[in-house]
Amino acid sequence: MTSLVEVPVVTRTSPPALLELRGLAVDYGFGENRARAVDGVDLTIHEGEILGLAGESGCGKTTIANAVMQILRPPGHIAAGTMSFRGENLIGKSEEELRRFRWRNVSMVFQSAMNALNPVMRVGDQFVDAMQAHERIDRRRALARAAELLDLVGIDRARVRAYPHELSGGMRQRVIIAIALSLNPELIVLDEPTTALDVVVQREIMQQVEALKHDFGFAVLFITHDVSLLLEFADRIAIMYAGEVVETAPAGVLATNAQHPYTQGLLESFPPLTGPRQRLTGIPGSPPDLRNPPTGCRFHPRCPHCTRDRPELYRLQTIERPVLREVEPGHSVACHLVAGAEE
Amino acid sequence: MTAAAQLEVQGLTKHFAVGTTFARSRVHAVDDVSFELRPGTITALVGESGSGKSTVARLLARLHDPTGGAVLFEGSDVARVRRRRDVLRYRSQVQLIFQDPFDSLNPVKTVRHHIERPLRIHGIVPRHEVDERVQELLRAVGLVPPQEIAAKYPHELSGGQRQRVALARVLAVEPKVVLADEPTSMLDVSIRIGILNLMMRLKEERGIAFLFVTHDLASARYVADDLLVMYAGQIVERGPVEEVLESPLHPYTRLLLAAVPDPAKRLHADRIQERKGVAAAAVDPPEGCRFVSRCPLAIDVCSRVTPPLVEARPHQAARCHVTAPSNLIERTT
Chain A
1 MTSLVEVPVV TRTSPPALLE LRGLAVDYGF GENRARAVDG VDLTIHEGEI LGLAGESGCG
61 KTTIANAVMQ ILRPPGHIAA GTMSFRGENL IGKSEEELRR FRWRNVSMVF QSAMNALNPV
121 MRVGDQFVDA MQAHERIDRR RALARAAELL DLVGIDRARV RAYPHELSGG MRQRVIIAIA
181 LSLNPELIVL DEPTTALDVV VQREIMQQVE ALKHDFGFAV LFITHDVSLL LEFADRIAIM
241 YAGEVVETAP AGVLATNAQH PYTQGLLESF PPLTGPRQRL TGIPGSPPDL RNPPTGCRFH
301 PRCPHCTRDR PELYRLQTIE RPVLREVEPG HSVACHLVAG AEE
Chain B
1 MTAAAQLEVQ GLTKHFAVGT TFARSRVHAV DDVSFELRPG TITALVGESG SGKSTVARLL
61 ARLHDPTGGA VLFEGSDVAR VRRRRDVLRY RSQVQLIFQD PFDSLNPVKT VRHHIERPLR
121 IHGIVPRHEV DERVQELLRA VGLVPPQEIA AKYPHELSGG QRQRVALARV LAVEPKVVLA
181 DEPTSMLDVS IRIGILNLMM RLKEERGIAF LFVTHDLASA RYVADDLLVM YAGQIVERGP
241 VEEVLESPLH PYTRLLLAAV PDPAKRLHAD RIQERKGVAA AAVDPPEGCR FVSRCPLAID
301 VCSRVTPPLV EARPHQAARC HVTAPSNLIE RTT
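From first to last, the protein sequence lines stand for chains A and B.
Once you know that position 258 of the first sequence is 258 in my numbering, the rest is easy, because the numbers rise by one and skip nothing.
Once you know that position 111 of the second sequence is 111 in my numbering, the rest is easy, because the numbers rise by one and skip nothing.
In short, the hints are calculated from the structure, not lab data.
Fair warning: there could be bad hints in the mix.
With beta-carbon atoms standing in for the labels, derived distance ranges [said to hold, decoys possible]:
#, chain 1, residue 1, chain 2, residue 2, range
1, B, 20, A, 86, 43 to 49 angstroms
2, B, 16, A, 281, 53 to 59 angstroms
3, B, 26, A, 111, 21 to 27 angstroms
4, B, 314, A, 277, 16 to 22 angstroms
5, B, 185, A, 15, 49 to 55 angstroms
6, B, 139, A, 92, 53 to 59 angstroms
7, B, 314, A, 195, 16 to 22 angstroms
8, A, 84, B, 153, 43 to 49 angstroms
Only some residues are given here: those of chain A computed to face chain B with a beta carbon under 8 angstroms [to be verified]:
#, residue
9, 119
10, 121
11, 125
12, 226
13, 273
14, 276
Even glycine gets a Cβ: it sits at the ideal position worked out from N, Cα and C.
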């Protein structure tokens, strides 16, 4: 018997999508003064993966995190696009639904999380607060779980009785990560969790997140400006520039085969610790004003490959916005140079 | 060692008193720190936050008075200079650049004002040449067109541009020494290299002696000639940057190096061992090596005797009983 329905051949068994953003756009302000901080971003986070989101300040990476949590402050608002979590639409949920969604499904560690702890409350009580807001749990059991979580992030469990000022910056950051884990979320958004910390502490925290991910199986959206950290730590990396995702690839591929001139420039902005000492150039110019972004490719004013020597290409680069195209499985680039090669 | 030292630091010590009158203890923020800054050389001072590296820069800029030790500038000790005229002279020769370019410029004054002021206060150029010099300085730090930039207010500039203005202001007084306290850590990665390149150009063109305080070993390697590694208030290793990073003597330098993200190696999910200590300044530290509780190489003597800074290889010195043993101390195991 021949089946009429073609059975799709599954070539790659990537884990199911957890969070899907399609054409997400976020505006700050309205009308004349509108700045589109995030402009048509497609992003998928699969179960149990670490997705790194990198870019310079003002490129919209934190705005994406805030949009996912729906904690954008007015005048910031989602202008277009869809966001779904396990197939369920997130936009248009009621406050109560959102309250349950946050922490339980997705928790977030903020940029200056070290200062997010309440200074006049013992660490343990802050765990209790977070847990009791979401489930019926008595104080004693909540404290016991807090102690366990502290243990997991490498802090002495006796510290449940400590006040935040008795802990170092790195320890406070770990406490925040432990609180974020307390409701066993499926996705943790880490927004520059280690920027204010030293490299030694940074490494310890990153290794801890990796180990915890291994045990608990949550996915991580890791936001940072430090691409070198992501290359080592993330499974997949998305590079943002001026509100757009310009390149996504598995970490290993990005390290060796970055295609977008901006990604290449970013990677060349980190002086190496080994090998010959060479003069680096960085990227000339500065990121554009999003109230009035450049036409065409937003990177074209800073792009070393955008010259009038190739008039046809130049016209394309300055007039038409490039779209993300897959150049190899799992590796997409939004660049006329790359797109031009294929046509 | 090519040129004579521009600034020489000898046994610099700074203790801060903490606690109450009856339970007074002392934080040893900087303890017996010695090094020299030479013209046309960038010396990087690296360490974790709280290690005392910023305090060293502030001591050299005379924002704090040292508890002990000497700072020799052109042969005379300036650590305790009190006369206003002498202080002013010293400050015009030794300039400090701060970490945060958003805080260090006056928001209600134009760029021109910031650069004019030192020119006038220190009487660097005759009044009618001030305008010309301002433009020259802006061009020197890569801010073009200078007329346009000079009329702008700080909020109209990006972080990188502000840090360049801070540099132009510092250059206005034609300093011999520039102390840069994490000048790039608040800047975006694509902008950082520009500032580092500018520092290298200025040291070559103007023969300035730079102290570059940073926690980023990679930037230190990129710009610096010499490297100082600080831990808990002490210099634990010192030497030419390439040599130190190629084959570090002190176990702390090794730890720092291993912690830098390296795209070449992937992180593996090993559980890390319990963190044993912090690099923060020690409160009333006991005798012995301050790194001993975290050190994988520690031997018996380490917790009893403070290791001296020993030159174990040519130009490369470390405070470690194991990797840079001193002849003076008998090893008992």
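(request) Kindly indicate which numbered hints from before are broken by the structure, ordering the numbers from low to high. (result) Of the numbered hints, 1, 2, 3, 5, 7, 9, 10, 11 and 14 do not hold.
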